[in-house]
Amino acid sequence: MSARAITPTEGVRVYDSARRGSRILEEARALWKYRFLVSELVIRDIKVRYKRSILGVFWTMLAPLLNMIALTLVFSALLKQQIRNYPVYFMTGSIFWTFFSQTTSSAASQTQDSNEIAKRIYIPRSVFVASAIGVGLVNLVLSIVPLILILGATGYPLYATWWFLPISVFILMLFSAGVGFLLFTLASRFTDIREMYLVFIQTWFFLTPIVYHPSIVPAKFRLALWLNPMFYLVQTFRRPIYDGVLPSPTLLAASVAIAVLVFATGWVYFSHRVDEFAFRT
Amino acid sequence: MNTPAIRLGDVCVRYRVPRERIGSLKEYAIRWVKRRVTYDDFEALRGVSLEIEPSETVGLIGRNGAGKSTLLKVVAKVIPPTSGRVQVAGTIAPLLELGLGLHGELTGRENVMLQGALLGFSRREMKQRLVRIIEWAELQDFVDAPIRTYSTGMMARLAFSVATDVDPDILLVDEALSVGDERFQQKCLDRMEAFRSAGKTVLFVSHALAQIRENCRRAIWIHEGRVVRDGDSASVTADYHEWSIAAEPASLPPPEKISALSP
Numbered sequence: 001m002s003a004r005a006i007t008p009t010e011g012v013r014v015y016d017s018a019r020r021g022s023r024i025l026e027e028a029r030a031l032w033k034y035r036f037l038v039s040e041l042v043i044r045d046i047k048v049r050y051k052r053s054i055l056g057v058f059w060t061m062l063a064p065l066l067n068m069i070a071l072t073l074v075f076s077a078l079l080k081q082q083i084r085n086y087p088v089y090f091m092t093g094s095i096f097w098t099f100f101s102q103t104t105s106s107a108a109s110q111t112q113d114s115n116e117i118a119k120r121i122y123i124p125r126s127v128f129v130a131s132a133i134g135v136g137l138v139n140l141v142l143s144i145v146p147l148i149l150i151l152g153a154t155g156y157p158l159y160a161t162w163w164f165l166p167i168s169v170f171i172l173m174l175f176s177a178g179v180g181f182l183l184f185t186l187a188s189r190f191t192d193i194r195e196m197y198l199v200f201i202q203t204w205f206f207l208t209p210i211v212y213h214p215s216i217v218p219a220k221f222r223l224a225l226w227l228n229p230m231f232y233l234v235q236t237f238r239r240p241i242y243d244g245v246l247p248s249p250t251l252l253a254a255s256v257a258i259a260v261l262v263f264a265t266g267w268v269y270f271s272h273r274v275d276e277f278a279f280r281t
Numbered sequence: 282m283n284t285p286a287i288r289l290g291d292v293c294v295r296y297r298v299p300r301e302r303i304g305s306l307k308e309y310a311i312r313w314v315k316r317r318v319t320y321d322d323f324e325a326l327r328g329v330s331l332e333i334e335p336s337e338t339v340g341l342i343g344r345n346g347a348g349k350s351t352l353l354k355v356v357a358k359v360i361p362p363t364s365g366r367v368q369v370a371g372t373i374a375p376l377l378e379l380g381l382g383l384h385g386e387l388t389g390r391e392n393v394m395l396q397g398a399l400l401g402f403s404r405r406e407m408k409q410r411l412v413r414i415i416e417w418a419e420l421q422d423f424v425d426a427p428i429r430t431y432s433t434g435m436m437a438r439l440a441f442s443v444a445t446d447v448d449p450d451i452l453l454v455d456e457a458l459s460v461g462d463e464r465f466q467q468k469c470l471d472r473m474e475a476f477r478s479a480g481k482t483v484l485f486v487s488h489a490l491a492q493i494r495e496n497c498r499r500a501i502w503i504h505e506g507r508v509v510r511d512g513d514s515a516s517v518t519a520d521y522h523e524w525s526i527a528a529e530p531a532s533l534p535p536p537e538k539i540s541a542l543s544p
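Chains as they are written, first to last, in the working numbering: chain A, 1 to 281; chain B, 282 to 544.
In case anyone wonders, no lab produced these hints; they're calculated from the structure.
Below, computed lysine-lysine pairings styled on DSS-like, alpha-carbon distance capped at 25 angstroms: (1) 408/B - 51/A; (2) 47/A - 408/B; (3) 33/A - 408/B; (4) 358/B - 119/A.
Which chain A residues face chain B? A few, computed with CB under 8 angstroms, are given here: (5) 15; (6) 17; (7) 117; (8) 120; (9) 123; (10) 190; (11) 193; (12) 279.
Predicted, not measured: the structure shown is a model, and the values here were computed from it.
In this text, a Cβ means the ideal position worked out from N, Cα and C, and glycines have one as well.
Okay, chain A solo, but in the shape it has when bound (with noise of 0.2 angstroms):
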C-alpha cells in the first residue's frame, strides 16, 4: 500500500494522530468549539432537576435560607458570637461555599457519569468540568435573590461596592475550575478520589472562616488561616457585600494569584492526561 499522506486541501478539516501540537491549546480550542454543549448541558440539568416538582426552582433559592435561619439559631444563641448582623454574615459566606463545594465535587463525579458517552463519541471531556462551573453559577445567582430578602428583611443596607461581584465571582470560578480539573483527571484513575474528597471538604469547610468570624481563630492556629487559599477568596468575596468595602490590594493580588495558579495546573495536569481517559474506567 502506498504512504500517501493526507495533504490539507483548503476547507477540508484534517485530524492527523501524529500533528496534535500543544494538549493544552487543542483542548481550549476544542472547548471553544462545543461551547454550545456547555449551555446544553447546563440547560438540561436544571430542567432536570426541577421536572414533576412543585416548588420547582425555588428549591434553589429556599436550601440556602433554611440552612441560614438554622446555622443562625445555632451560632448566635449557643455561641453567642458577636458577629453584626450574623444572617447576612453567614449567607455571604455559604453562598460562596456552597458553589465550591457543589461544582468541585460534581466536577469530580462527572468522570464516572460523562464516561458513558464519552467513550463512545468524541466530545471534549473538558466540558463536564465546565459545564459543572455553569451549573453551580446558576444557582449562585438564583441564591443572591435570598441573600437580598435578608437584607431587605434585617434592614442591611446594599453597598454600593456590590458591583465587585462578578470579580470575586469570576475568581471564584476560575479557582474552582481549577480544582475541579484537578479531581475530574485523579477520578479517572481512582475511582475513591471523590469519596475521600468530600470528606476533605467537609474538614476545610469548619477551617474556613464561614460561620465564625477570622478574628476568633487564636494566635496559634493564624498560620493554619494563612496557609488556608479559601480563606483569601472568602474575604474578597465577602467584603464588598458584608462590609461595604472593597478588598484591598494585596488581598486581591493573593486571590487572584491563588486562582490563577490553580487554575493553570488544573488545565495543565487535565489536558496532558486528557488522552488516558479513554482507556481508563
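Since the structure of chain A is provided, determine the placement of chain B on it from the hints.
Just chain B now, with coordinates in the frame of chain A:
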C-alpha cells in the same frame, strides 16, 4: 482529489488492564508500596494499515471483539492510537450507538438540541436544522412531549435524524440500523444511499453480510485486531461466511493462514 479520506498507518491500540483491578487510591498505594502493580496489555488493534478513498463505501466485518468498533473509534477521534498514525480528511458524522445521551424527562425538541450539541454543532446550526430534523423523523406531533413517552422506534428515528441531517464528508455507521421497523430501516438505507451518491465516504460495520454486499463495493475483514482480507465485498463476505460456519470457534485457523490464502 487523489488523497485518501481516511488513512491508517500501522495503527495499534493497546488497552492496559490492571491484572487485579485496582480502582482506588488506597489499594493503589498499598500495592505500589509492595511493588505489585502489574498490568496485562490487551491489543485491540495490532498494526492496521488501510486507505479509504473519498466516496468509497466500505463494510467492516469480523467476529465480536475483533476490533471493528475500536477501528471506528480511532477514526472518530474517540480513542487516540497507541502507536501508528491516523489521518482523516473532512468532517465526520458518527452514527455510533444511536440515542446516546437522550434524556427521558426532556422533550423531543430539547433532546434534538442536546443531541446536536453532543455532535459538536453550534446553537445557530441547530436552530436552522431543528424543523427539518423533526420532519424527517416524523415526530411533528410529539416534539413537546417528554421522550420517556416515546417508543423505541421513535427514539431511534429522532437520533438517526439528528445524526444524519448534516453534510459530513465521512459517515461512520456501527450497527445503527438494527433498530426500528422495516420502514425506518429502509429510510435509513435510503439516506445512506443518498450520502453515497453525493460522493461521501461511508464506513459501515454490520453483521448482516447481505447488507454489506448490497451497499458496499469493498469489504474489510478484521480478525484479532488485524486486517485479514481487504477487497471486493462479494468475495470477502463469502470467505468470511464460509470461515465462520466452517468450524467450531476453538478450531479456527489463525488469521495468518487466512491472509496467506487471500490474493
